[in-house]
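Working from the sequences, and respecting the hints, build out all of it.
Taken in sequence, the protein lines are chains D and W. Everything in the first sequence is counted per our numbering, starting at 1 for the first residue and increasing by one. Everything in the second sequence is counted per our numbering, starting at 1 for the first residue and increasing by one.
Hints listed in this document are in silico derivations from the structure and should not be mistaken for laboratory results. For clarity, every value in this text was computed on a predicted model and none was experimentally measured. No residue lacks a Cβ here, since even glycine has one placed at the ideal position from N, Cα and C. Wrong hints could be hidden among the right ones.
As the list claims (entries may be wrong) - Label-pair ranges, simulated between beta-carbon atoms:
{"#": "1", "chain 1": "D", "residue 1": "54", "chain 2": "W", "residue 2": "145", "range": "19 to 29 Å"}
{"#": "2", "chain 1": "D", "residue 1": "102", "chain 2": "W", "residue 2": "94", "range": "42 to 52 Å"}
{"#": "3", "chain 1": "D", "residue 1": "121", "chain 2": "W", "residue 2": "104", "range": "16 to 26 Å"}
{"#": "4", "chain 1": "W", "residue 1": "25", "chain 2": "D", "residue 2": "102", "range": "35 to 45 Å"}
{"#": "5", "chain 1": "D", "residue 1": "12", "chain 2": "W", "residue 2": "153", "range": "34 to 44 Å"}
{"#": "6", "chain 1": "D", "residue 1": "64", "chain 2": "W", "residue 2": "154", "range": "49 to 59 Å"}
{"#": "7", "chain 1": "D", "residue 1": "21", "chain 2": "W", "residue 2": "37", "range": "54 to 64 Å"}
{"#": "8", "chain 1": "D", "residue 1": "6", "chain 2": "W", "residue 2": "162", "range": "30 to 40 Å"}
{"#": "9", "chain 1": "D", "residue 1": "12", "chain 2": "W", "residue 2": "161", "range": "15 to 25 Å"}
{"#": "10", "chain 1": "D", "residue 1": "147", "chain 2": "W", "residue 2": "89", "range": "29 to 39 Å"}
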Amino acid sequence: MQLILDYLGSVIIGAALLLVVLNANEMVSENQSVYNGDMLVQEMLVESAHFIEGEFRNMGLGVPERQCAILYADSGNIRFLYDIDRNGVPDSIRYFVGVPSELPGTQNELDRPLYRQVNSEPRHAIGVVTSFQMRYLTRSAVGIPRPVDPARLGEIHSVEITMEVQNPYAIIGSGGVAKEGQRSELYSSSLWQQTRLASWNSRR
Amino acid sequence: MSTNNMLLSIGAFVILTTILSNVYGILGSTGDNISEAQDMILANTIASSYLEIAQGLAFDHITDTSDVAIANAMALTAADLLGPDGSDEDSIAGFTDIDDFNGLTFETTATGSDKRFKTEFKVSYVDPNNIDAISATQTFVKRLDLKIWRSFPPPEGLATDTLRMSHIMGYFHFD
Numbered sequence: 001m002q003l004i005l006d007y008l009g010s011v012i013i014g015a016a017l018l019l020v021v022l023n024a025n026e027m028v029s030e031n032q033s034v035y036n037g038d039m040l041v042q043e044m045l046v047e048s049a050h051f052i053e054g055e056f057r058n059m060g061l062g063v064p065e066r067q068c069a070i071l072y073a074d075s076g077n078i079r080f081l082y083d084i085d086r087n088g089v090p091d092s093i094r095y096f097v098g099v100p101s102e103l104p105g106t107q108n109e110l111d112r113p114l115y116r117q118v119n120s121e122p123r124h125a126i127g128v129v130t131s132f133q134m135r136y137l138t139r140s141a142v143g144i145p146r147p148v149d150p151a152r153l154g155e156i157h158s159v160e161i162t163m164e165v166q167n168p169y170a171i172i173g174s175g176g177v178a179k180e181g182q183r184s185e186l187y188s189s190s191l192w193q194q195t196r197l198a199s200w201n202s203r204r
Numbered sequence: 001m002s003t004n005n006m007l008l009s010i011g012a013f014v015i016l017t018t019i020l021s022n023v024y025g026i027l028g029s030t031g032d033n034i035s036e037a038q039d040m041i042l043a044n045t046i047a048s049s050y051l052e053i054a055q056g057l058a059f060d061h062i063t064d065t066s067d068v069a070i071a072n073a074m075a076l077t078a079a080d081l082l083g084p085d086g087s088d089e090d091s092i093a094g095f096t097d098i099d100d101f102n103g104l105t106f107e108t109t110a111t112g113s114d115k116r117f118k119t120e121f122k123v124s125y126v127d128p129n130n131i132d133a134i135s136a137t138q139t140f141v142k143r144l145d146l147k148i149w150r151s152f153p154p155p156e157g158l159a160t161d162t163l164r165m166s167h168i169m170g171y172f173h174f175d
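Okay, structure coming up:
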């Protein structure tokens, strides 16, 4: 009898231990995918941000003093001049966001490509964002209505950029709807960045 | 169950518990690292924004409106008087020169988040030949030191990371 009780006890304890280990294993793999997703999003954001920061800083470089460096300014679309190849002729650089339908292969309904176009060359996607907003401020830090009236382009003193990147693929939950600017139930690893860039060269 | 079996079982439990607690510990620290990296991205953007603003300001209150300091560094604001120049410079929008940041601390809420970050500024004259050496007298080079850390939610356990950045501004002219 004692032997049977020993066996039964061992089986129960063994089963409990197995459950604990399986649970831990599941938790590890779930967390690992969440952390990987978070890291991926951070890397995507930082890469795009570095690119933009570097180029916006050069806005107006090599542009004649009496010429306005910014040619067009809207919330998700900017075109400015900058002599990118130092040949004495200013080039036109354009940054703009595409539409979500351009990325039909991803689960995230809000992600869209961020494009860069030099002169009339074909556009190139430099990143994937869920939000890319620009605000234009005067020297007194007053916002200028967008799209900026061509007569007021010269008043732009700094550009405030807000960028959000979400994971293209759902990590936790399903069936939820991601809302712009918020961490959603479906895409838990959304990130954002805000920076204000004031280019010396753009001030005319 | 014999004593040997009992001891073996207890030993197995101890090993299993140790392994599990290590696994959970590693998971927790990875999560902390990811979260800390996100905080540092936010801190970096806030700090960059301040530095961008600082770069757009004049070198000194006197150089903003006159050129008397071109040949005479002593005409610049004295080292112990660096800071906002008047009551109209009570906010960043009113700042006219880089040393207006001196001694100030700002708290900012990161956009899209309830996290708050405190930024502390210090502006000093530095030796033009050695920008690491702070000068007690006026020179034509100033250094803005900035440090930023998360103030809310307050750090738990270990102290939160502090991000430090510096910006050097010189006052030179070319004839």
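Quick rundown of the hints versus the structure:
Judged by the Cβ atoms, the range 19 to 29 Å given for residue 54 of chain D and residue 145 of chain W holds: they are separated by roughly 24 Å. Between residue 102 of chain D and residue 94 of chain W the Cβ separation comes to about 44 Å, which falls inside the hinted range of 42 to 52 Å. Checking the proposed 16 to 26 Å range against residue 121 of chain D and residue 104 of chain W shows it is violated: the Cβ atoms sit about 45 Å from each other. Between residue 25 of chain W and residue 102 of chain D the C-beta distance comes to about 43 Å, which sits within the given range of 35 to 45 Å.
Between residue 12 of chain D and residue 153 of chain W the CB atoms are about 43 Å apart, so this pair conforms to the stated range of 34 to 44 Å. Look at residue 64 of chain D against residue 154 of chain W: about 52 Å separates their beta carbons, and that is inside 49 to 59 Å. The given range of 54 to 64 Å is broken by residue 21 of chain D and residue 37 of chain W, whose C-beta atoms sit roughly 30 Å from each other. Taken as a hint, the range 30 to 40 Å is violated for the pair residue 6 of chain D and residue 162 of chain W, whose Cβ atoms sit roughly 59 Å apart.
Judged by the Cβ atoms, the range 15 to 25 Å given for residue 12 of chain D and residue 161 of chain W is violated: they are separated by roughly 47 Å. For the pair residue 147 of chain D and residue 89 of chain W, the beta carbons lie near 33 Å from each other, so the given range of 29 to 39 Å is met.
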